[in-house]
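Student: Given next are the chains, with one letter for each unit.
Protein chains: 2
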Amino acid sequence: MTKFKQITGNIASPKGFKADATHAELKFQKLDLGMILSEVPAAVAGVFTTNKVAAAPVILDKEVVAGGLAQAIITNSAIANAVTGEVGMNNAKKTQRLLADKFNLEPSHVAVCSTGVIGRQLPMDKIALGISKLSAENGHAAGFAQAILTTDLVEKEVAYQVELGGQTVTVAGACKGSGMIHPNMATMLAFITTDANIAQPLLQATLSEIIETTFNQITVDGDTSTNDTVLVLANGMAENAELVADSEDYLTFKSVLATVCQTMAKQIAADGEGATKLIEVTVAGAPDELTARMIAKHIVGSSLVKTAIFGADPNWGRVISAIGQVAPFEVPDIELTIQGDLVLLHSTAVDFDQAELSEKLKEKNVVIEADLNQGDKTGTAWGCDLTYKYVEINALYHS
Amino acid sequence: MTKFKQITGNIASPKGFKADATHAELKFQKLDLGMILSEVPAAVAGVFTTNKVAAAPVILDKEVVAGGLAQAIITNSAIANAVTGEVGMNNAKKTQRLLADKFNLEPSHVAVCSTGVIGRQLPMDKIALGISKLSAENGHAAGFAQAILTTDLVEKEVAYQVELGGQTVTVAGACKGSGMIHPNMATMLAFITTDANIAQPLLQATLSEIIETTFNQITVDGDTSTNDTVLVLANGMAENAELVADSEDYLTFKSVLATVCQTMAKQIAADGEGATKLIEVTVAGAPDELTARMIAKHIVGSSLVKTAIFGADPNWGRVISAIGQVAPFEVPDIELTIQGDLVLLHSTAVDFDQAELSEKLKEKNVVIEADLNQGDKTGTAWGCDLTYKYVEINALYHS
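Chains A and B, in that order, give the protein sequences.
Take the position in the first sequence, starting the count at 1, then add 9; the result is the number in this note's numbering.
Take the position in the second sequence, starting the count at 1, then add 9; the result is the number in this note's numbering.
Hints are computed from structural coordinates only; laboratory data are not their basis.
Check before you lean on any hint, since a few could be wrong.
Because identical chains share one entry, a pair is satisfied inside a single copy or across any pair of copies.
Here are the simulated BS3-like cross-link-like pairs (lysine-lysine), alpha carbons at most 25 angstroms apart as the crow flies [said to hold, decoys possible]: (1) LYS275 with LYS386; (2) LYS61 with LYS386; (3) LYS398 with LYS373; (4) LYS398 with LYS371; (5) LYS111 with LYS369; (6) LYS135 with LYS36; (7) LYS369 with LYS36; (8) LYS373 with LYS386.
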């Protein structure tokens, strides 16, 4: 398999992509409106929230993805445009048209995303003024990753390059937030751009598959937002031969895309509200991958496990109890390691150095591995610890 | 329907029941071993944790319930006797025999319960000494509710009386804990005694039905413990005519039992770890009761809703998002009230006095009512707020 490498870059690194960001006065002074623009219409794939209360832009973007092509994405933070009725839907469409008019695009080729407070209408005069300030040529590409943030503490972006059929293909991503995060703030947005040449149906199938083991395997507080969206734009400008399913080049591209998604997923988990640690849980020995992933996600989402990790407590009883709570079969032979230290064998406690393991749990990355010995399938999930700061962020902010 | 009334009493109030408690030195100085004893073998019904990692006493008690009769319950706190292998199972059986020997009972008529740290073995010398101190005659009945506590702050007991066929029937309950509570501490134990005359199969069916709308509708942190147990003993000493399914007397008895269970469920939710408020969520307008209860429980279990209530924030967006996350159908017409104030109509925000509602949210009891307008079924769930104290209790304690 061709080697791929991480590069320093941003969402505009792939050929033919530009990005910009501006302050549309939705937030007090931070960047709050971002745009991604491709020179040519790109194949677009997307996955969206399963929340039955889907925000207006989510409904609109599903139509864009159904059309198969997109040339731009416009995103605002601060207001989610969710639970906003017909007015909200019209505002999303108006945002789409304003950006299309500004850059001479087909309106149906413009995806619209929003993240922020639920139930408030977008101030369309400010959105219009913001869009008028966006530029394709002198864009502030690095600002895009900042403009999409809400309560996130750090910008999250990643870029990889790989040779496919003699051409350099770049895959880049920028994302925000995890958990319902701020009071009424809506969750996760992830954008991926690539200059790879790949047909839309294959791109969508690839994204849908990758999502299951990356973005769908992170949890901050178990809540699914009204606005969750992942969009991939592939504009083909790398001029590689079109990627064909199951070919070596396709599998390489898929690995790169999966790496980009997993990197962003972990960035989001590590920056969960109030988090001090990234927790990675791997469940092995399951009869199927779905069960392995489900159990791993349940462990990493348990408030009791999360608080124990915050307290650097090697509290394996909570992990075992979390497994037992959701395992669809008996688990009489669990092997459990925390930070590499064996704490349980054949579902029976083993002696370990409590103080030493507690020290290891003070590291920024915590790894929990459980082998159920009920099969050979594995699944991993990522999350963060539950801290005083989480309660503070979510209790003291007033809607 | 015959009126029933709450009385001041304890688990030994029904005719023919005695209870006692002692300090078996499992805890530093609090009561930690409790016993309920009936003069005659009683019909016994039980429901147990669905956690696949069931503790030894849970496995043993399932056998007792399968036998249909029980005359005593022996319960220790501090150690859960969970994930303790064969040694743990033998210790549970030995506890059963020790109590049977002391009071001349059939061992299979003794239920054994434990709650506390997972993975530690019971010190059988202390258990034996403790049992030797228990008395049927001069029992410390009021101490029973104290002896079963772990991190609970308050004792939880309730008693009701009702006339059935000219006889006074008493139903009493004592319970502990909710959520996985303390690090490695196991959850909910609830004991109900009654002198009603009712056959075991009907008692079990009644309990199984009532559980669904009471104990199964509370949540503190979403974790199911390895030791959850609810046991009902009905010794028939009230000498009422045997209760027959669907008769008026039976339905009255069922109402009393449901009231006892609901009262205890709410006591547990209100005393959730770190809780400052009891939250009651009712979902109406659902197509079926199961869905109504499921959505209500999801709302009251949402970390975001729980932190908002802690912060006295009328953050309806989080409630709506929680509904949308689990509703198995579209919800375009939600009506939502918080503390009686309408905040959402036809899924659209209405004007309300934010400051006034925030004041109302400072009360100890918070009521959230959502009408989905998708049917005529209703469900209620109870929980508590998520506070700094919850994080402290669960992070700072070391296993």
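Student: A separate judgement is required for each hint: does it hold in the structure or not?
Tutor: Hint check results:
1. With identical chains, the CA atoms of LYS275 and LYS386 are at most 25 angstroms apart within one copy only, with a shortest distance of 21 angstroms there and 41 angstroms across copies.
2. Taking the shortest Cα distances, LYS61 and LYS386 sit within 25 angstroms of each other only across copies (19 angstroms), while inside one copy they are farther apart (32 angstroms).
3. For a Cα distance limit of 25 angstroms, the shortest separation of LYS398 from LYS373 qualifies both inside one copy, at 16 angstroms, and across copies, at 23 angstroms.
4. Taking CA atoms no more than 25 angstroms apart as the test, LYS398 paired with LYS371 passes in both settings, with 17 angstroms inside one copy and 21 angstroms between copies.
5. In this assembly of identical chains, LYS111 and LYS369 lie within 25 angstroms of each other by CA distance neither inside one copy nor across copies; the values are 54 angstroms within and 48 angstroms between.
6. Taking identical chains as interchangeable, the C-alpha atoms of LYS135 and LYS36 lie at most 25 angstroms apart only when both belong to the same chain, with a minimum of 11 angstroms there against 63 angstroms between chains.
7. Taking the closest pair of Cα atoms, LYS369 and LYS36 never come within 25 angstroms of each other, the shortest separation being 40 angstroms inside a single copy and 30 angstroms across copies.
8. For the homomeric pair LYS373 and LYS386, neither the shortest alpha-carbon distance inside one copy (27 angstroms) nor that between copies (47 angstroms) is at most 25 angstroms.
Of the numbered hints given earlier, the model fails hints 5, 7 and 8; all others are met.
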